[in-house]
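Student: Can you build the whole structure from these sequences, using the hints too?
Here the protein sequences line up with chains S and D, keeping their order.
With my numbering applied, the first sequence corresponds to residues 1 to 313, in that order.
With my numbering applied, the second sequence corresponds to residues 314 to 621, in that order.
Derived by calculation from the structure, the hints in this document are not laboratory data.
Where a beta carbon is used, it is the ideal one built from N, C-alpha and C, also for glycine.
Among the hints, erroneous ones may be present.
Chain D side only, calculated, beta carbon under 8 Å to chain S, not exhaustive [said to hold, decoys possible]:
| no. | residue |
| --- | --- |
| 1 | Asp333 |
| 2 | Leu463 |
| 3 | Gly505 |
| 4 | Val508 |
| 5 | Ser531 |
| 6 | Arg532 |
| 7 | Pro552 |
| 8 | Glu569 |
Simulated crosslink set (BS3-like; lysine-lysine; CA at most 27 Å straight-line) [to be verified]:
| no. | chain 1 | residue 1 | chain 2 | residue 2 |
| --- | --- | --- | --- | --- |
| 9 | D | Lys355 | S | Lys293 |
| 10 | D | Lys612 | D | Lys324 |
| 11 | S | Lys223 | S | Lys42 |
| 12 | S | Lys42 | D | Lys612 |
| 13 | D | Lys538 | S | Lys31 |
| 14 | S | Lys31 | D | Lys355 |
| 15 | S | Lys42 | D | Lys355 |
| 16 | D | Lys612 | S | Lys223 |
| 17 | D | Lys612 | D | Lys355 |
| 18 | D | Lys355 | S | Lys223 |
| 19 | D | Lys612 | D | Lys344 |
In case you want the letters, here they are:
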Amino acid sequence: MIIDTHLHPTNLVDEAWRHTGTPFNGERMLKLMDGPYMINGKPRRIDMGFIQPPPGNTGYRDGNRMGREGIRDYMAYIAELCQKYPDRFIGNFNYNPRWGPENGAAELEFHVKEYGFKMLKLHANMHGYRPDRALDWLRPAMKKCAELGVVVLIHTGDGPYTIPTMFYPIIREFPMVNFIIGHFGIQTGGNYSFESFWMAMDTPNVYCESGWCFQSRIVEFAKELPKNKIVFGTDSPPNEPGMWLRELEVLCHEPPHGLGLSEDDLEGYLGNNIAKLVGIEPTPPPRTMDEAKARLTDTYAGLRRNEGQVVPA
Amino acid sequence: MIIDISCYPTKLVDLAWRHDGEPFTGERLIKMMDGPYYVNGKPRRIDKAFIQPPQGNTIYTHGYGDLTGKAAIRDYMSYTVEMVRQYPDRFLGCFVYNPRYGTQNGAEEIERHAKEYGFKMVQLQANMHAYRPDRALDWLRPAMKKCADLGLIVKVHTGDGPYSIPTEFYPIIREFPSVNFILGHFGVQTGGVYVFEPFQMAMDAPNVYAESGWCLQSRIVEFAKELPKHKLLFGTDTPPNEPGMWLRLLEVLCHEPPQGLNLDEDTLEDYFGNNIARMIGIEPTPPPRTMEDAQARLKDSYASFQPA
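Tutor: Right, here's the structure in full:
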């Protein structure tokens, strides 16, 4: 099973980053996810994706509504897509405390209960706060995540407010919440991949997202990290999945590029790890070409479900 | 034609980076170059590669020989020379210039490697060799004069402080406008991300080019849209990187926005290898137009193509 933890379909091009072209809507995203992408000689699709609005569209701009109504507006297209394509899209709630921390916490609960959202996103740079000091802005949402079993994805990789260790205070205050360090601490503004690696090594509730990680570092990090600590996320758009699937596939090669990773562990990285974190039934990697082809249109093709584990039918 | 401008075959694992596994020899590199890699639906190989020793093996290290001066330089370059002579159709030599073995020694060895073994490129690694490229200009001038005389390209390691921030090389780049400089791995390394610097330098300076590898995927599409088409060159830094991921980085430019810019296959081929081929006087080739064409080229770069 392949699950991308980091997708941004939209009906409005990111107002901060201004990517070229027409809005990359949900239907274009599904086409991109369908691929197919060749992995270890077999065709694969991205089975599911966590979707969230482009961060640049989640801050106040003159003319927006305010408070909870404003939050619902910037989350509206994501909620619509999750309802329209429930087998492919899983909601990720973008939490901006500037619309009111209590408003955000209440809206998180609403999106989880109404639309089945399973993830919350923090973007301290876009929303302008120090995560190590503005703890009162984070606590209401984190309490709700703990209560509802929601995973937190953190934008990291650039100063001033998204250096990974700046999130240690809130991570330590909520040990029952699982935190994913987005794009392995790398962004256009910096590289903090060693911080992310050590945080995931040292802290049980910290995981790393694979996308953006430097190819020649991830092989070193993967060798040391517990196998459940890497999850596949691409940041598409503006990225695209093929390059980042290849990055993980190469881990199955021999050193120095790979580490002789097994296909089962690769499948963990590609999707089963995050599936287990959010309560989706994982699947073994396709063993044959026929199996792989069947899974291009049905994630659970040829598998028996709902028996505690998914096994070949 | 696909030419990778940054490869490091070796018989001694990099002493600085300590990559896992057995040394990545020339034969392993050729196997990796052979792929095939699928680009726009066709199988491709890396036709040629510029090779150089791993940087961590180009400085004095107690226990790894007590040679000095030119002898030391020849020693750390020796395996690269051997590979270039053994596989002249696949490998092109890149000379690693370490001024700490003597600036005149280095300049003279550049000339020898160019004339005897056909080397066409010189690499600067100011971090590994520990000097400020904007101030230690006297350490760089002898080599740069030789590059100007011999028409050699200079590839600059960039992407991390303290000495490999791209703009630190502007003084030497401006002093030698007749030399072409390639900013290695687009200003990105484990120590930093300086992608906007190489982009603006390549936009502004006629003799500055940018290497594609390590560039952030969502930035290269923006840069490629603005840069003159001849300014982008394919390089992977293999090993420790591998070519597939970085071919994909450029292939995606043929997709529609926002991930791509609807790049045509001819320009993609320029990025892949024809740009650097023209810079060093190798006959470029058009992209394979058919599957048969592509398959024939897996063994012969010029198959089904008559050079002008």
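Student: Now, for every hint given, state plainly whether the structure supports it.
Tutor: Structure-based check of each hint:
| no. | hint | verdict |
| --- | --- | --- |
| 1 | Asp333 | holds, 4 Å |
| 2 | Leu463 | violated, 32 Å |
| 3 | Gly505 | holds, 6 Å |
| 4 | Val508 | holds, 7 Å |
| 5 | Ser531 | holds, 3 Å |
| 6 | Arg532 | holds, 6 Å |
| 7 | Pro552 | holds, 5 Å |
| 8 | Glu569 | holds, 6 Å |
| 9 | D:Lys355 <-> S:Lys293 | holds, 21 Å |
| 10 | D:Lys612 <-> D:Lys324 | holds, 26 Å |
| 11 | S:Lys223 <-> S:Lys42 | holds, 24 Å |
| 12 | S:Lys42 <-> D:Lys612 | holds, 25 Å |
| 13 | D:Lys538 <-> S:Lys31 | holds, 24 Å |
| 14 | S:Lys31 <-> D:Lys355 | holds, 21 Å |
| 15 | S:Lys42 <-> D:Lys355 | holds, 17 Å |
| 16 | D:Lys612 <-> S:Lys223 | violated, 35 Å |
| 17 | D:Lys612 <-> D:Lys355 | holds, 14 Å |
| 18 | D:Lys355 <-> S:Lys223 | violated, 33 Å |
| 19 | D:Lys612 <-> D:Lys344 | holds, 12 Å |
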